[in-house]
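Trainee: Now for the letters of each chain:
Number of protein chains: 6
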Amino acid sequence: MKYNSDEHIDDQMIKIEVSLDDMNPEFYGYLMEQLFKFGVNDVYIVQVIMKKNRPGQVLHVLCREEIREKVMDFIFQETTTLGIRYTPYTVHRLEREFIEVETEWGKCTVKIGKRAGKIVQFAPEYEDCMQLAKEHQVPLKWVYDQAKEKGYQWLNEQKLLE
Amino acid sequence: MKYNSDEHIDDQMIKIEVSLDDMNPEFYGYLMEQLFKFGVNDVYIVQVIMKKNRPGQVLHVLCREEIREKVMDFIFQETTTLGIRYTPYTVHRLEREFIEVETEWGKCTVKIGKRAGKIVQFAPEYEDCMQLAKEHQVPLKWVYDQAKEKGYQWLNEQKLLE
Amino acid sequence: MKYNSDEHIDDQMIKIEVSLDDMNPEFYGYLMEQLFKFGVNDVYIVQVIMKKNRPGQVLHVLCREEIREKVMDFIFQETTTLGIRYTPYTVHRLEREFIEVETEWGKCTVKIGKRAGKIVQFAPEYEDCMQLAKEHQVPLKWVYDQAKEKGYQWLNEQKLLE
Amino acid sequence: MKYNSDEHIDDQMIKIEVSLDDMNPEFYGYLMEQLFKFGVNDVYIVQVIMKKNRPGQVLHVLCREEIREKVMDFIFQETTTLGIRYTPYTVHRLEREFIEVETEWGKCTVKIGKRAGKIVQFAPEYEDCMQLAKEHQVPLKWVYDQAKEKGYQWLNEQKLLE
Amino acid sequence: MKYNSDEHIDDQMIKIEVSLDDMNPEFYGYLMEQLFKFGVNDVYIVQVIMKKNRPGQVLHVLCREEIREKVMDFIFQETTTLGIRYTPYTVHRLEREFIEVETEWGKCTVKIGKRAGKIVQFAPEYEDCMQLAKEHQVPLKWVYDQAKEKGYQWLNEQKLLE
Amino acid sequence: MKYNSDEHIDDQMIKIEVSLDDMNPEFYGYLMEQLFKFGVNDVYIVQVIMKKNRPGQVLHVLCREEIREKVMDFIFQETTTLGIRYTPYTVHRLEREFIEVETEWGKCTVKIGKRAGKIVQFAPEYEDCMQLAKEHQVPLKWVYDQAKEKGYQWLNEQKLLE
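Residue numbers (my numbering), protein chains in the order written: chain A, 673 to 834; chain B, 673 to 834; chain C, 673 to 834; chain D, 673 to 834; chain E, 673 to 834; chain F, 673 to 834.
Mixed in with the good hints, there may be bad ones.
A pair holds if it fits inside one copy or across any two, identical chains being indistinguishable in the list.
[Claimed, not checked] For lysine-lysine, the following DSSO-like pairs were computed, each having C-alpha atoms within a straight-line distance of at most 27 angstroms:
1. Lys806 / Lys724
2. Lys786 / Lys687
3. Lys786 / Lys831
4. Lys709 / Lys806
5. Lys742 / Lys779
6. Lys709 / Lys831
7. Lys779 / Lys831
8. Lys709 / Lys742
9. Lys790 / Lys831
10. Lys709 / Lys783
11. Lys779 / Lys806
12. Lys687 / Lys723
13. Lys742 / Lys687
14. Lys786 / Lys806
Note that these hints are calculated values from the structure, not bench results.
Computed from a prediction, not measured in an experiment: that's the story for all the values here.
I would like the entire structure built from these sequences, with the hints used as guidance.
Mentor: Right, here's the structure in full:
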C-alpha cells in the first residue's frame, strides 16, 4: 500500500507549479506517467493564457515534502522551465477501503471512502471496469453502473448505509 | 450584511481545492449554489487535464477559516472526492458601498468600491439590471450601461470623482 | 476600408481549423499577427485535450474563400501540421459606422453597429482608449466608460436612440 | 412536448457561432436562459484565446433553421457582436421516453434513449434528483444513484435489457 | 499504411460533435482509445460551459464519411448522449514520408510532410523518442532535439532543403 | 539585469490571484503589458466557470513581496475587482546564461539554464527568432530550429554536454 488508508490530515503536502510556454505538448503524456512513478499524489495540467498570446500550460503536482527535491529535479530535467514554484498545502484524506463485487461479466473492485467511520464515497475502479468492458465487448458505462449497483447491495446487506 | 463593509485585510482566509475526475458534471450547479449558502466568499471551477486523458475539474472555494470544517464536510458529502486540500490566503478587500440610481426603466443598485476612501470600483448590480431588462424587454446591456452612466452623474454631482 | 460597411450576408466565408499537438506555444503570437495581415476576419485558439494527455490547440481562422489558399499555404509553412480542414460558413455582418467623441483626455473613436438601420452595437475602440490611458496615466476603464458615455450623449442628441 | 420523441435524423439544424471579446461575462447567464426560451436545442460557451491576449468567448447555439433569424436578432440585441456566423449540421437524435421510479425519498423521472428500439441511454433527471436532495437533505449523488438503480430494476423486470 | 501518403484533398470528411454534460470524466480515456481503433483521423475534447453551471465537454471526432455510421453507433453506446451532430469538412493533407535517423541512443523515425513536393514539416516520432528516453534514462527533450538535428543533417546532405 | 542570474531559491515570492467576472476581456492585454513593467515575474490568465454561468477569469501574478503593494494598487485601479488575495510561494530558479549563435539569417540569442552548474535548459529567444523570420521571410520554426542546432554545436565544442 502506497498510502495511509486511515482517515488523516497531512500537513506535509506541497503543491508544485510550473508555468510552461515553450514546450512541445507531446511531452506531457510521458511527464505525467513518470511523475506518478515518483509517488506524487496528483498531477494535472491547467491550460492558461500567457503573455504574447501564448496558449501556455501550468503543470500542477501535489506531493509530500520528502520527495519534493527529487520531483523538482525531474521536472527541471524533462520540461523547459527555468523556475519552479511551490507552497505548502494541508490535505484531509478519507479512510479508504476496497471491496470486490461480482458483476455478470466478472469481478470488480469498488473503492470506499469513509469520514469518521461513515461511508461517504463509493466508486467502482475504472481500470477493472474497462478491462471487463473490453473483454466482454459491453459498454463501459453498463459495467460501471452494475458494479456500483452491486456495491450498494453489499453495503445494504452489511447495513453499512442506514 | 454578511461582510465587513470597511476596507480591510483578512488573513484568516482559506482556499480549498478539490480535484474531481469522476463526477457527473450536472452536480456542479447544485454544489455551487449550496456552497454560497454556507457563506463562502467565492467558488469557481477550473477545467483541467488529468491523467489518462480525463477532462477533470478542480473546484476552488474561498472561505473563512472558521467555516472551513463545515464546508469540507459538505464537499465530502456532495462530491466524489477522497481528499480535500487547502492553504491559507490573505485577502485585501475594498470598502463597499451601495447607491441607488434611477434609470428610465426603474431603480438599480450600483456597487462602489473604495481604496483608502477613494472610489476605484463602480458597477451596476447584475440582478437589478436583469430584472429591469426582463420586465421592460430592453437589452440587458442598455440597462447596464445606463445604470453606469447615471451612477457617474451622481458621483460627479457629489464631487466624488475629481 | 478593408470591409463592406453596409449590413450584409456573406456566404463565401470559410472556417479553417488546424489541430496542433506538437508546436511550441511561443509561435502563436507571431502566427496570429501575420494571419491578420492576410486579411482574415478572425483568428482564435481553442485549448483542447488530445490523445495521450496532450494539451493541444485548435487554431480557428475565419476568412473569405478567395484568400483561403494563401492562408493555408502560410499555415502549412508556419505551423507543424500535416493537415488543414475547412468548411463553409455564412456570416451576417451589421452595418458599421465610426464616430469620434471627445473625452476629457482627448478624442476617441466609437464603433457603431446597425441592424436594419437601427443602432444595436456601440463600443469605444480599445486602441484609442489604451493610448489615452497611457498618455494621461488614468485607468483604462475610466477612459473606456467615459468614451461610452459621451457616445450615448451624442446618440441622444442626434435622436438615434429612441 | 417540444421535440419529436421518435428516433430521427434532422438535417435542418444550424450551428450559430459568435466570437465575443468585449462583453461583460455577467451577461452570459441571462443570455443562455433566454436563448433556451426561444426553443434552441443547445447552448454552450467555449473559452478561447483571441488576439491581443484577450480571454474571449465563442458562444455556440444549436437550433432549427426555422428559428435562426429570430435567434440571431436576439443575439445581436443582447451581445456586443458585429457579426454572427452559422453553418448547417445534421443531428441524429435517439427516441426518448420517460419513466418514473420510486426512490426512498420520492418519485424521480428517468430519461431513456433508444437506438433502433433498443435502450442505449438511461439517466435520472437532474432537476428531480436535486429537488429530492434539497427536501430530504440527502446527498444529491445518493439520490441520483438510487434513481438509476431503481430504473435498472424496472428495466430488468420489463425484460428491456437482455 | 492506413492513409494515402500522397498530398491530397479529401472532401469526404465528417466532423462529428457530441455535447456531454452528464458523463463520468473517467470514461474519456477508453473512448478516445477505442475511437482511434475505428480508424478515425482525429479525436479531441473541448471543455466548455453548459447551462446550469455545468463544466461540460464537447467531443470532436474527425472521420471519413464511410465509417461515420459505425463511429456514431459506438458513441451512442459508450457515451451518455441522446443526440450526435455532424457536418462535412474538406481536408488538405500533405504528402507524408518517414525516414530513419540514428541518434546516440538508437534509431528514431522522423516524419516528413511535403507541400507540392517541397518539405514543409519535419518532426521526430514521439513514441520512438519516448522509448529511447526510457531505455537510456535521458531527458525526452534531449532525444527529441537530437533526432531533429540528425534529420536536418540528412536533409542537407540530400540537398532537400535548399 | 533585472534578476539574479545565479541559481537560487527565493522564498519571498507572492502569488496574487484576482477573480474577475465582470471585466471587458479587451482590458487584459493592457493589464498584462503594464504588470510586466512593474517587474513582476509572471502573469497568466486562467479561464474558469463562475457562479450564474459566467465565463470568468482568474488573473495570476507572481512577484516579489517588496513590490506586492504597488502591484495590488495597480490591479485595483485597472480591473473591476473588490478583493485581491495572495499567498507566499518559494521559487527555485536556475542559473541563467545567454550565448549568441550565428544562423544563416543572422545572430540569435540562446538562453541557457543550469542546475548545479550543469546545463539542463537551452532555448533560442523568441523575439530574436521572430525578428529574423520577419526580415528574411523564412518560417519562424526553421529559424528557431537552426538556432537550437547551432547552440548544440557550440555546447559540444565547449564540451559542455558530456
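Trainee: Does each hint fit the structure? Answer for all of them.
Mentor: Verification of the supplied hints:
no.	hint	result
1	Lys806 / Lys724	between (45 angstroms within a copy, 16 angstroms between copies)
2	Lys786 / Lys687	both (25 angstroms within a copy, 23 angstroms between copies)
3	Lys786 / Lys831	within (15 angstroms within a copy, 36 angstroms between copies)
4	Lys709 / Lys806	both (26 angstroms within a copy, 13 angstroms between copies)
5	Lys742 / Lys779	neither (38 angstroms within a copy, 30 angstroms between copies)
6	Lys709 / Lys831	neither (38 angstroms within a copy, 32 angstroms between copies)
7	Lys779 / Lys831	both (22 angstroms within a copy, 24 angstroms between copies)
8	Lys709 / Lys742	within (12 angstroms within a copy, 34 angstroms between copies)
9	Lys790 / Lys831	within (11 angstroms within a copy, 36 angstroms between copies)
10	Lys709 / Lys783	within (21 angstroms within a copy, 30 angstroms between copies)
11	Lys779 / Lys806	within (14 angstroms within a copy, 33 angstroms between copies)
12	Lys687 / Lys723	both (23 angstroms within a copy, 17 angstroms between copies)
13	Lys742 / Lys687	both (14 angstroms within a copy, 24 angstroms between copies)
14	Lys786 / Lys806	between (31 angstroms within a copy, 23 angstroms between copies)
The structure shown violates the earlier hints numbered 5, 6.
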